[in-house]
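Engineer: What follows is each chain in one-letter form.
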Amino acid sequence: MRSEPDLAPVLASPAEETALPSQRMRALQRFLRNPGAVVGAGVLGFWLVVAVISPFLVPYDPTDTVGLARQAPSAEFWFGTDTLGRDVFSRVLVGSQISLQLGLISIGLGAVPGVTMGLVAGYFGGLTDAVISRFVDALLAFPSILLALVIIAALGPNLQNVMIAVGIGTVPLYARLVRGSVLAVKQLPYVEAARVVGNPAWRIMFRHVLANAYAPIVVLSTLQVGNAILIGSGLSFLGLGAQPPTPEWGLMSAEGRDVLRRAWWISTFPGVAILSVVVACNLVGDGLRSALDPRMRVDG
Amino acid sequence: MGRYIANRLAQLIPVLFLISVIVFGILHALPGDPAELILQGAEGGAPPERLRELKTQMGLDDPLIVQYLRFAGGALVGDLGESIRFRTSVTGLILDRLWYTVELALAGLLVALLIGVPLGMIAAVRQNSWVDTLAMSVAYVGASMPVFWFGLILILTFSFTFSWFPPAGADGLISLVLPAITLGFVSAGLISRLVRSSMIEVLGEDYIRTSRAKGMSERLVLWRHGFRNALIPVVTMVGLTFGGMLAGAVVTETVFSRPGLGRLVVSAILTKDYPLVQGCVLFLAVLYLSVNLVVDILYAWLDPRIRYAK
Amino acid sequence: MIFSRRSASAMVASLAMGLLSTSAIAQTPTPTPGGNLTIAWRANQEPASLDGHIDPFQSTWLFNSFVADPLVVLDGEAKYRPALATAWEVNADGTVWTFRLRAGVRFQDGTPFNAAAVKYNIERIMAPATASKQLASELGPIRSIDLVDDLTIRLNYPQPWVTLLDGLRRMPIWSPTAAERFGLQEFQRNLVGTGPFTLGEWVKNDRMVFRRWADYGGWNPMSTHQGPAYLDQVTVRFIGENAVLNEAVRAGTTLVGFSLTPDSREIYNNRPNFRFMSLGQSGTGLQQVMNIRRPPLSDLRVRQALLFARDMPAINRLLYDGTYIASDGPLDNVHRCFWPGATAMYAPNADRARQLLDEAGWRVVQGQPIRQSRGVEGVPDGTPLRVRWTTIHHREIGEALQSQYRRLGIDLQVEQVPGPIQLDRVNRRDFDLMFLRQRSPDPVILDQVWNSRWDQPGGWAWTGFKNDELDRVVGQLRVVGDDTRRCEIAKQAQEILMRNAVMLPTLSEPVFIAMSPRVQNFQMGSEGNWFFLHSTWIQR
Numbered sequence: 001m002r003s004e005p006d007l008a009p010v011l012a013s014p015a016e017e018t019a020l021p022s023q024r025m026r027a028l029q030r031f032l033r034n035p036g037a038v039v040g041a042g043v044l045g046f047w048l049v050v051a052v053i054s055p056f057l058v059p060y061d062p063t064d065t066v067g068l069a070r071q072a073p074s075a076e077f078w079f080g081t082d083t084l085g086r087d088v089f090s091r092v093l094v095g096s097q098i099s100l101q102l103g104l105i106s107i108g109l110g111a112v113p114g115v116t117m118g119l120v121a122g123y124f125g126g127l128t129d130a131v132i133s134r135f136v137d138a139l140l141a142f143p144s145i146l147l148a149l150v151i152i153a154a155l156g157p158n159l160q161n162v163m164i165a166v167g168i169g170t171v172p173l174y175a176r177l178v179r180g181s182v183l184a185v186k187q188l189p190y191v192e193a194a195r196v197v198g199n200p201a202w203r204i205m206f207r208h209v210l211a212n213a214y215a216p217i218v219v220l221s222t223l224q225v226g227n228a229i230l231i232g233s234g235l236s237f238l239g240l241g242a243q244p245p246t247p248e249w250g251l252m253s254a255e256g257r258d259v260l261r262r263a264w265w266i267s268t269f270p271g272v273a274i275l276s277v278v279v280a281c282n283l284v285g286d287g288l289r290s291a292l293d294p295r296m297r298v299d300g
Numbered sequence: 001m002g003r004y005i006a007n008r009l010a011q012l013i014p015v016l017f018l019i020s021v022i023v024f025g026i027l028h029a030l031p032g033d034p035a036e037l038i039l040q041g042a043e044g045g046a047p048p049e050r051l052r053e054l055k056t057q058m059g060l061d062d063p064l065i066v067q068y069l070r071f072a073g074g075a076l077v078g079d080l081g082e083s084i085r086f087r088t089s090v091t092g093l094i095l096d097r098l099w100y101t102v103e104l105a106l107a108g109l110l111v112a113l114l115i116g117v118p119l120g121m122i123a124a125v126r127q128n129s130w131v132d133t134l135a136m137s138v139a140y141v142g143a144s145m146p147v148f149w150f151g152l153i154l155i156l157t158f159s160f161t162f163s164w165f166p167p168a169g170a171d172g173l174i175s176l177v178l179p180a181i182t183l184g185f186v187s188a189g190l191i192s193r194l195v196r197s198s199m200i201e202v203l204g205e206d207y208i209r210t211s212r213a214k215g216m217s218e219r220l221v222l223w224r225h226g227f228r229n230a231l232i233p234v235v236t237m238v239g240l241t242f243g244g245m246l247a248g249a250v251v252t253e254t255v256f257s258r259p260g261l262g263r264l265v266v267s268a269i270l271t272k273d274y275p276l277v278q279g280c281v282l283f284l285a286v287l288y289l290s291v292n293l294v295v296d297i298l299y300a301w302l303d304p305r306i307r308y309a310k
Numbered sequence: 001m002i003f004s005r006r007s008a009s010a011m012v013a014s015l016a017m018g019l020l021s022t023s024a025i026a027q028t029p030t031p032t033p034g035g036n037l038t039i040a041w042r043a044n045q046e047p048a049s050l051d052g053h054i055d056p057f058q059s060t061w062l063f064n065s066f067v068a069d070p071l072v073v074l075d076g077e078a079k080y081r082p083a084l085a086t087a088w089e090v091n092a093d094g095t096v097w098t099f100r101l102r103a104g105v106r107f108q109d110g111t112p113f114n115a116a117a118v119k120y121n122i123e124r125i126m127a128p129a130t131a132s133k134q135l136a137s138e139l140g141p142i143r144s145i146d147l148v149d150d151l152t153i154r155l156n157y158p159q160p161w162v163t164l165l166d167g168l169r170r171m172p173i174w175s176p177t178a179a180e181r182f183g184l185q186e187f188q189r190n191l192v193g194t195g196p197f198t199l200g201e202w203v204k205n206d207r208m209v210f211r212r213w214a215d216y217g218g219w220n221p222m223s224t225h226q227g228p229a230y231l232d233q234v235t236v237r238f239i240g241e242n243a244v245l246n247e248a249v250r251a252g253t254t255l256v257g258f259s260l261t262p263d264s265r266e267i268y269n270n271r272p273n274f275r276f277m278s279l280g281q282s283g284t285g286l287q288q289v290m291n292i293r294r295p296p297l298s299d300l301r302v303r304q305a306l307l308f309a310r311d312m313p314a315i316n317r318l319l320y321d322g323t324y325i326a327s328d329g330p331l332d333n334v335h336r337c338f339w340p341g342a343t344a345m346y347a348p349n350a351d352r353a354r355q356l357l358d359e360a361g362w363r364v365v366q367g368q369p370i371r372q373s374r375g376v377e378g379v380p381d382g383t384p385l386r387v388r389w390t391t392i393h394h395r396e397i398g399e400a401l402q403s404q405y406r407r408l409g410i411d412l413q414v415e416q417v418p419g420p421i422q423l424d425r426v427n428r429r430d431f432d433l434m435f436l437r438q439r440s441p442d443p444v445i446l447d448q449v450w451n452s453r454w455d456q457p458g459g460w461a462w463t464g465f466k467n468d469e470l471d472r473v474v475g476q477l478r479v480v481g482d483d484t485r486r487c488e489i490a491k492q493a494q495e496i497l498m499r500n501a502v503m504l505p506t507l508s509e510p511v512f513i514a515m516s517p518r519v520q521n522f523q524m525g526s527e528g529n530w531f532f533l534h535s536t537w538i539q540r
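Which chain is which? The protein sequence lines are E, H and U, in order.
The first sequence maps to residues 1 to 300 in this note's numbering.
The second sequence maps to residues 1 to 310 in this note's numbering.
The third sequence maps to residues 1 to 540 in this note's numbering.
None of these hints come from the bench; they were simulated from the model.
Incorrect hints may appear among the rest.
[Stated by the list, open to error] To be clear about the criterion: a stretch of chain H counts as covered by chain U if any three or more of its residues have a C-beta under 8 angstroms from a C-beta of chain U, and this derived list gives those stretches:
id : stretch
1  : 80 to 94
2  : 157 to 164
3  : 188 to 194
4  : 236 to 248
5  : 269 to 276
[Stated by the list, open to error] Heads up, incomplete: computed chain U residues facing chain E, CB under 10 angstroms, no partners named:
id : residue
6  : D109
7  : G110
8  : N242
It should be emphasised that the depicted structure is a prediction, and the values quoted were computed from it without experimental measurement.
Cβ atoms here follow ideal geometry from the backbone N, Cα and C, with glycine treated the same way.
Can you make the complete structure from the sequences, with help from the hints?
Structural biologist: Structural data, given as structure tokens:
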């Protein structure tokens, strides 16, 4: 229902089908020439590695009291200790697992139904399209944090429910995006041809339509991972997100806020960790966008 | 123009209906019985007969469809029911706080534009220079910081260390400064990136090159053509941003202990005050829709192509 | 301020009051009227409604006391003193209470205060439609109310009711005319009493403003001068962030910061130009009561192990720099009726805890961090030893204990829930360790929490512990009026409770208050969570 001038789906020509590999190579080259995108990818890669190996790496048990509370950073505790005497460094490292999971799982939970709805609506049109589109519009009328709040109210505050809540919030974004792409692609001669020769609808949708729409989906997803982590941290701050002693970055940063003046490190290191991941996601997302198709716009 | 507006309003009706169904549906899937919550005090439970009486009185025994119709019917005439915790009308509670949130969102929007637009323009004009890099770094950091953390840093600096602005409350314009910066800075990052990219696009257009070739001064080219055209996508963004701020203010309101709709929702959720949650969410969603509708109409009025494209 | 472990709350409070009032008088003998006393308040203690007849919150009653005087006042030395009642007497068996009321008092709407008004207030509280959440139960099972004359009222009880004054001191006396006019819903926004201030505006989630009532007659023993209050206005600011709350006085946002967190000590300790104090709150302390209806807490040995396994002084140092007050039993250590034997009975002893758990059938299994059951009645073998800790605040205490317990193979699961959820759990008796705090200098709270008679909807006896001897002993607290004797009874009860290990005492939260030196004669009550502004003034 909202006019969408900022959403221009990628228009693919049949020629691209055959030219895809070199197309991708050129996109990769463009991506690598963008310093911001490369830095972002490096940071994301770093955190991914940390997330995988941190359980073997951390110096202390991240959920146990290992020293006096509120100790400043030192050789013994690199990032200091928190209000319960836990090692902030260990918690930040292990927390990368949780925050990245939060980002990736919630996006998965949003993308799968969202993409399906968009495909179905765009491909079949008519009443199906009208019903799905109105539903998507209704979901879009809830600002993402508000929708997350209501869902948390219904399900109760914990990390899984945050993932579900944030995921549902992204469903309409995917649906709208994919529907637009489908509408643009549907009329193209080779899709038309596929239908005429009797390919089943699902096959056409996945083979041709989705293959052409993957670029904006990838971009949107990258941007949304960062967004999900931010919303998750906001919910933790409000007491509606991850619950202690989970080393979720947002929660850790929120827990340290009472003593920000006296023990800045408790809140600051997890805050910087969030900042780095989200900036990285945004850089990579923007880099991908301009590498794949500079005219594409995705509101994240 | 009239037809366009009528058309848009007509499209709104099914959406409003679906919104009310979603809100009602989610909250009725919730655990906990409103009648029981009302009777529970610090003393604990409620006698069963009082409970039954109250349930009948509140209409909780009726079929769901009847309850929905009552809710929707009430909402149409502005009656959103009664809060469990405050024992007073939900509509009244919302209206009491509405202005504080609107005020904050407006101020936040102002900050977002004042920072975002110049930042994006400078970056575009000096594309690929260190100015661009710096401006965009600020933009990225702004858009990627946890809001509560940024707010706390502002409090620490400007309230505790320098005592320039109050750290809490909603008493006069001065108490609006830090919350507005907190709320606006995030959006400033998004806006500046949008301004930059659309400006770069516009600057590459033929008519700009023509103007330059004709010997028009660089400043005039930028202002007359570049700026105005680059701002068109920003206008839609403004609507979305403002609407998002109305609801997104919840964290900012909490950090700065400001009254407002966001904090009302959160406290309602924490105390399981379902009628209040339901009322606030419906209200905010409708508000968000209305703001975007107004922006769309403005946009169509500014740019006639949209009207006919629909 | 340093506490000796056994000092009674009354002593502590009087010490603080002495500091405040004498220094005030010594420095500046003539109070200046006027000014706006701003007080920073915790946002989560903002009342939902302002009618203390209905709502059960300490802050509601305190704000009510600005607008309405009660019949009696509990002063800083924990003594009852006459306010709107000038004298009272109770018969020998504690069933008939007679109050003589002050003459010449008017409500803020001009209507007269008299026995009929008191009767109206009591009846309003007792009426089912009011749904009073606490005061009704404190007034007790009143059988009848006699209006002896215009200024004398008599309350008759079917049974001894010796704790009446404890309820009356919090009960605001509203103008019957105004209460009728506005009705139950609206009156809380239009309070009318006989107090020194009237309710100005209340911007919810932000501030509450009270204004001086020019015709106030000083009908309160805490008034140290004649006539209306000195302050023009009192503004309570509700602040959500603890960091901001703690800094409020230092940063000049408010003149008083009330109920700060322990971190505030760091801010004010080396700034002698601000006044900073911590006061004990006598009561039960931050205790967790145990649900003994089901395993694993149905076994006395497990309950005792939980007590031996905790090291509260260490947690006090870890979390609060040792500023919290010890609470070793069912009454905290600053309570005047605290039983000192509780401290030694469960001194930290990890070995003893291990041994008890082994005996109870909760064994250490090779390679597992958490103990598992073997031959525990009602529990399948191999069940991990898991105990839930449910609280509405001070979650960090549970988390710190979680670490200590894990070392002994106990898995403590800490959850912080909002008030309504806590009540829901309690009603369904679905908990292991549940937060239950009562604050009162009167030992009658032991009867409230532990007499199995109150194990019913609306009661506080949640644990399922039934012991005839205990019921008989705590029941005496409702009957015996003599103070010394009451404390002896209370100590007896505490010993029984500790022997049966039905509650887990942690610490007691003191009240931290910071104040600008300009604030004069800010009179603290005896409990740390109460104060009087009748003669408070601000130095220019």
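Engineer: Tell me the numbers of any earlier hints that the structure contravenes, in ascending order.
Structural biologist: Numbers 3, 4, 6 and 7 - these are the hints that the structure violates, sorted from lowest upward.
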